[in-house]
Structure formats: C-alpha cells, structure tokens
Amino acid sequence: MKLEKGSISERALIFSVFCFMQGTMLRSAFIVAVTKNDSWAMAFTGLLGSLLLTAIYAALLRRFQEKNLFEINELVFGPVLGKVFSVLYLFFFLSLAALNTHDIGDFVVGYMMQETPLAAIILLFVLICVYAVRKGISNIVRLSTVLCLIAMAAVVINTVLMLNSMQPGFLKPFFQLPFGKYVQGTVTVAALPMGEVLTFTMITPMLGKNKKAGKMMAYGLILAAVFLGIVLLRDILVLGPMAGVLRLPSYESVRYVNLAGILTRMESLYGVVLISLYVFKVSILLYACVLGLAQLLNFKSYQPLTLICGAFVFFYSLVVYKSVMEHADWGATVAAIFSLTFELLLPSASLVAVSIKKAIRLRET
Amino acid sequence: MKKNALKAPASKSKKEFRGVPKPVRRAAAALLCTLMILSLCSCWSRRELNTLAIVLATAVDEGKESGELKVTAQIVSPGEIKSGPSSSGSKASQKAYANIDNTDESVISALGGFTHITNRSMYFSHNRVLIFSREVAQKDILEGLDAFTRNFETRMNVYLLISKDKAADILNEEIELEQMPANHIAEMVEAQRSNSETAIVTLLDFDIASLSGSTAPVAPMIEMYEVNGKKKSRLEGTAVFKQGKMIGELNVPQTRGLMWATGKAKKATITIDTKDGKIDLLIIHAKGSMKPDKAEDGTFRMKLKVYAEGNIESNETGKDMSSVENAEMLKKQAEDYIRADIESALKHAKTLSADVFGFGEAIHRDYPKDWEKIKESWDSKFRGLMTEMEIDVKIASSGGLGKPVVQGGAE
Numbered sequence: 021m022k023l024e025k026g027s028i029s030e031r032a033l034i035f036s037v038f039c040f041m042q043g044t045m046l047r048s049a050f051i052v053a054v055t056k057n058d059s060w061a062m063a064f065t066g067l068l069g070s071l072l073l074t075a076i077y078a079a080l081l082r083r084f085q086e087k088n089l090f091e092i093n094e095l096v097f098g099p100v101l102g103k104v105f106s107v108l109y110l111f112f113f114l115s116l117a118a119l120n121t122h123d124i125g126d127f128v129v130g131y132m133m134q135e136t137p138l139a140a141i142i143l144l145f146v147l148i149c150v151y152a153v154r155k156g157i158s159n160i161v162r163l164s165t166v167l168c169l170i171a172m173a174a175v176v177i178n179t180v181l182m183l184n185s186m187q188p189g190f191l192k193p194f195f196q197l198p199f200g201k202y203v204q205g206t207v208t209v210a211a212l213p214m215g216e217v218l219t220f221t222m223i224t225p226m227l228g229k230n231k232k233a234g235k236m237m238a239y240g241l242i243l244a245a246v247f248l249g250i251v252l253l254r255d256i257l258v259l260g261p262m263a264g265v266l267r268l269p270s271y272e273s274v275r276y277v278n279l280a281g282i283l284t285r286m287e288s289l290y291g292v293v294l295i296s297l298y299v300f301k302v303s304i305l306l307y308a309c310v311l312g313l314a315q316l317l318n319f320k321s322y323q324p325l326t327l328i329c330g331a332f333v334f335f336y337s338l339v340v341y342k343s344v345m346e347h348a349d350w351g352a353t354v355a356a357i358f359s360l361t362f363e364l365l366l367p368s369a370s371l372v373a374v375s376i377k378k379a380i381r382l383r384e385t
Numbered sequence: 099m100k101k102n103a104l105k106a107p108a109s110k111s112k113k114e115f116r117g118v119p120k121p122v123r124r125a126a127a128a129l130l131c132t133l134m135i136l137s138l139c140s141c142w143s144r145r146e147l148n149t150l151a152i153v154l155a156t157a158v159d160e161g162k163e164s165g166e167l168k169v170t171a172q173i174v175s176p177g178e179i180k181s182g183p184s185s186s187g188s189k190a191s192q193k194a195y196a197n198i199d200n201t202d203e204s205v206i207s208a209l210g211g212f213t214h215i216t217n218r219s220m221y222f223s224h225n226r227v228l229i230f231s232r233e234v235a236q237k238d239i240l241e242g243l244d245a246f247t248r249n250f251e252t253r254m255n256v257y258l259l260i261s262k263d264k265a266a267d268i269l270n271e272e273i274e275l276e277q278m279p280a281n282h283i284a285e286m287v288e289a290q291r292s293n294s295e296t297a298i299v300t301l302l303d304f305d306i307a308s309l310s311g312s313t314a315p316v317a318p319m320i321e322m323y324e325v326n327g328k329k330k331s332r333l334e335g336t337a338v339f340k341q342g343k344m345i346g347e348l349n350v351p352q353t354r355g356l357m358w359a360t361g362k363a364k365k366a367t368i369t370i371d372t373k374d375g376k377i378d379l380l381i382i383h384a385k386g387s388m389k390p391d392k393a394e395d396g397t398f399r400m401k402l403k404v405y406a407e408g409n410i411e412s413n414e415t416g417k418d419m420s421s422v423e424n425a426e427m428l429k430k431q432a433e434d435y436i437r438a439d440i441e442s443a444l445k446h447a448k449t450l451s452a453d454v455f456g457f458g459e460a461i462h463r464d465y466p467k468d469w470e471k472i473k474e475s476w477d478s479k480f481r482g483l484m485t486e487m488e489i490d491v492k493i494a495s496s497g498g499l500g501k502p503v504v505q506g507g508a509e
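Sequences listed follow chains A and B, in order.
The first sequence runs contiguously to residue 385 in our numbering.
The second sequence runs contiguously to residue 509 in our numbering.
Extracted from the complex, chain A is given alone in its bound form:
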C-alpha cells in the first residue's frame, strides 16, 4: 500500500537537494568559526564526505526499488527491530525540523523583530509548512526549481555587487590552522548540512521505477557545495577576520553592498531568500516525519497527522535551546556526532545487514 501518490521528476530532486542545503549554508558562521579563512575549502572536502554518505543511501535505495527509508527498515530488520530503527530516524527528522524552525525564529527575532515572542513567529512558520505538506509534497518539490533559481540569483547578484569591497589578501595564509580544525570543519560540513540529504530517502520513491535517486542527490550536493564555496569565499573576502566573529557573516557582508550610494542595504534580499529556503527545508523534514509516522502507525493517509506533527515541531523547537550561546556550543561540539549517528551509523548497519542476508541466502541455494 502506498501512502504517497504524487510523483516528482529527477531534475526537481536535484534542485530540491540544493534548496534544502542552501538555507543552512547561508548561515555559515558554524563553519567559519572553526576553519576561519580556509573555510571555502571545507565546502569541497565536506562534499567528498557527504558523497560517501550518499553512496550508502544510494546502495540501499538501489536494492529496494520504490521503497522509502522506513519501508526499507522493516524489510531489512523485520517488523519489530525495523520499527525501532524507524522510531530512531523519526526522532532525528523531528529534531532537525525543530532545530531549523528554531534557527529561522532566531533570525527573525534577533535581526528584525526583537520584541516579538519567538513562539509567534515559529507558529506562523510551522503553519505554513503544515499547509505545504497537506497540499502534497510533490508541489513543493516542483517549486524548488523556481526557489533554486531565486537563491542562486541572490547569491550571484550579491557577490558581484561586493566585488569592489573584496580584499584578496584576507585568504592568506593558506591552511595554517592545526590539522584537527580541518577535520572538524570537514565533518561539520559533511554531517550538518550535507548529510541531511538522508531526508530525501523518504521522497525518492516518488521518482518511480529504475530512477537513479542516488545520482540525483549527488548532483544536488555538488551544486550546493559550489554555492557554499562561493558564499564562504565572498564572506571571507569582504569581512576578513570579522567573518569568524560575526553570528551571521553572510548577512553582514550583504549589508556592506554599496554601489555608488544607490544600490545599498541588500540584506532584505538575503532575508527573503533565507526564509523561503527554510520554509522549503522544514516542509521536507516535516513531510518525512509525517509520512514515517503514518507508516509506523499503519495509517491509510498521512494527512491527518500533519497538524499533529506540526504542533509537535512547534513545541519541540521552543524548548530545543535556551539561548543562542547554547545553540553554538551544541553546533560546535555534539551536533556532528548526533547527526552522524543517524546519517552514517544506522544506514551502514542496514547496508551490512542486507549484505549478510544476501550472503546467507546465496549459501542456502
């Protein structure tokens, strides 16, 4: 029985992966704070790491055509252990949705409407995501093409406008930090924004039979990495050592745009793009939660669960952090390990289990 009847194209999947990544990437402080002026390189080392993760997901998706992550779990581990795995993934998706919702709330409250309670902004934000999921995720995925073009155009325009305030000297000296920092930077980029591509394993069955889901995810990641590299380079070239100190380097560098005193204050463009990308990201995450929950509970349709999951994300995101400082501390220390547990450990376990099963079956015959 299939819960989702929509379909998506391969191209839409590439752009969706890009949009999904780009939101987090525009908040690049978590990378720049670690690897300073060499952060642009992390976009590419991180990409390599995340491509390894994608290879695992692709291998799983290839063995189980037209099945999503939760269905694969049950097929691999049986109904009981499979459900345990699914619950763990469900927790991961919910956490990601809550964390990202909190992020966007922080951005709006911190930079624009300081007196507004976080809850008011998060509530509206979650309601939009719930609406999007109810109306069918295939529509949102199809929309990603437009969103992707807007996000790319915003990055390119802002970068071109800032060419005259860039100082190439800020890139030097190259790679002088302790080696551990680069490992940390690579793991952070691979695990935090890029490894979250795991969420798309809930959507790939909509591609249909014999479609190369893994390949499309990899293309999306490469595209995202290129733009992450551009954004990081721009921030470092404009802000120099300040990039490692600011909370939102991209926002601050965009504020610095000044074209003959006429074209200034471009941060509104950044704000619009950031919020739209987050709507997209949280919608996808929410969909993964809702679909997964419906499968776990053997519902005939996932739609009655959207509002409930939305409410859960709302409350979860309110309590997920006490302060921005706590968030930064979590991001720098635990977050990568937390994410990798779900992005690397559990899928590898599935893959190993599948291989063993296959080996046993071969021996029996």
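Calculated directly from the structure, the hints in this document are not laboratory data.
As the structure is a prediction and not an experimental result, all values here were calculated from the model.
None of the hints are false.
Which residues of chain A face chain B? A partial, calculated answer using Cβ under 7 Å:
1) 192
2) 262
3) 276
Idealized CB from N, CA, C, for every residue including glycine.
Since chain A is already given, all that's left is putting chain B on it; use the hints.
The following block gives chain B in isolation, referenced to the frame of chain A:
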C-alpha cells in the same frame, strides 16, 4: 496534465472535511483569516516612522565626572528638510536636525537614557558617522566599538572619526552647503579619495585591524576651526591606536606616506619646489604594494612598491616643463616627495612602535611559519625593520598646455 497534478491534493483535502458541517467550516475559515490579518502585518514589533528618531551621527565624549561618557546623537528633523539649501532664502528657518545628548556610565546606558529626554526611539540604521573625542580614545575606544558592532541595527560601514576637541562640537558645526552636519562630514570623508591625505576608515576596517593583533588600527582626525566667526570642521591627520587606546597621531605628510605605502592612495596632488618656482602634479592613477622579503639569516625586509601616474597641472616657473629632460627631473622630484612622506610615516610609526602599515599582517600572510616565531616580539622587530622602496612616477602629459602661458611661452 500538470494542472491535474496540482489540483489532485486539493480535492483530497476537501474530502477530508466532508464530515464537518458547513457553518463550522465557514467559521473556521473566518477565524483563520482573522488570525492571518492580525499576525501578517507583524504589529507586534511595529515601528512607525513618526515614532523613530533617525540618527545620522553619533559622538562620544567624556562626561563631567571621570568614568562617565557623554553620547550625542544627531537626529533628522524631517519637517525641516527642504529640497535644497539654495531654495531656503530665509536663513532664519529652523535647523533640519537636533542634537541631543545624555551622560551615563557606558555608551549603551547613555543611549538607553535617551528615552528620558525624547519621545522617539533612536534608530541607528542610518547612522553615517561615529565620532570619538581624543580623550575617550586615549582611555578606551573598544567599549563603544563593540557596542556599535554588536548591535543589529547599526551598520559596519559607518565612518569612524576622532575629534581633537569635544566630539559634540563637531556635530554643531555651522555648515552652508548641506543641511545636516552628519551628511557634510560623511561626504567630506568620502571626498578624501581625491586627495589621499586622510585615511578613510569604516567601523569594519577598524574592527578588522583590531582583530589582526599586530596591525595598529588608525582613524582620521577631525578638528574645529573658525572662519568669519563661523565654526567649521575639517579633517586633518590620523589617530593611531594600540590595544584599543589611542597612542599617537600622524600629521598630514605622514598620513600621506601611510596612504602611499598601503596602496590606498589613488589620486593626489603633489607640489614640487624647483629652483625656479612651484609645479603641481596631479596623480590620477596610483597603486602600491608591500611584500616581505626573507633574508638568509631569517630576518625580514619589507619591499614597498609605489607606482603613480599623473599630469602636470600647473607651472609657476615660466620654464618649459614639457621637455623630456625637465619631465625626467620632475619625475625624480615627485619620487623623492613620495619617498620622503613614506619615510616620515615610517619613522614616526617606529617611534610609536605601532605597525600602522600592516607589515606584520603581510609577513603573517606570506610566511605564516616564521610569523609564529616573531609574533611575540613584533613590536621590537617592527622598530628595527628594514624597508626598501621602489617608487616609480610616470608623468604622462603636460596637461592642456605644452609651454607655460607666462614668460617664454611662445618663444
């Protein structure tokens, strides 16, 4: 076909509500609409234009008692702005700005105190100029800088200035061509690009220099002078900082030298004294670069390269300066002029032991391994640093004239 795909989920959700009675459905829709209207205009943190005091310039002085700071803000008085100063025939009209000040323990508490004396709340997004008085700068400038960088509303492209006297007086200067002293000062700073005799420093530049550790941040200085009984401001010299404190000044030639050496000079006028009289050169293109050079024994030398290209702008001598020999002589003199400026700046920076040029940063960038070793003793290393200058001036044309108009023009 696409249309169908778009419609399909919508009809599905309609089906879901079929069990709900129509009035309930309508009430729910109405409630949702009201909720949206109430929330989408984001009235919670609304800030209407008529409740804002738009700050264009901020000045920080010392208060009467020690440890206190006096913060002055220049606020636009929108009703008084006219289309242009020329149209305001009657000079008796009101000023287009108001300066308000408050004294408290810190910058932020003084700003907070503004609520006691004005009905409007301060809006710093359009702040263009930030002036610290010399007294404050000599004690500690970091507190104010952190506050202005950290705040979400302020921008880092605000121009930073150090006033020689009271900073608040600068905001009261009597100006003629502009309506607001803040705009006058900000545009005056921008105009310094054409003379390269003043460092143009934004908050971002200053922050970056402070973060580097070895570079001594600089900021231009502004002072008051009196002309025809009117008090006006002018930019002169550069303040030099170290560890957040102002430790000295560069005078105008030294500032010029700093601009040449750091490659920030783009346009300039050079006056050359020949034995026959004065000749002005207008430099239109200039560039400068610095490169550290490591000797075999591990010591560093800085190689400064300056290239300038310009025209003869005026000739008071009556001699034909368009001849190749004379042009060569002018070129030599202009190079000496630039060299003298740079040397003077270098000498003074060494007596202050403040690396205003960013030599340390240049070594850090090109020789990061060696930098780690000399980082700690950079102050003394800088004092003994050898420099090598390579200055090249090109006199491209003699302007609109070949020979001078007076004496011996057309022989």
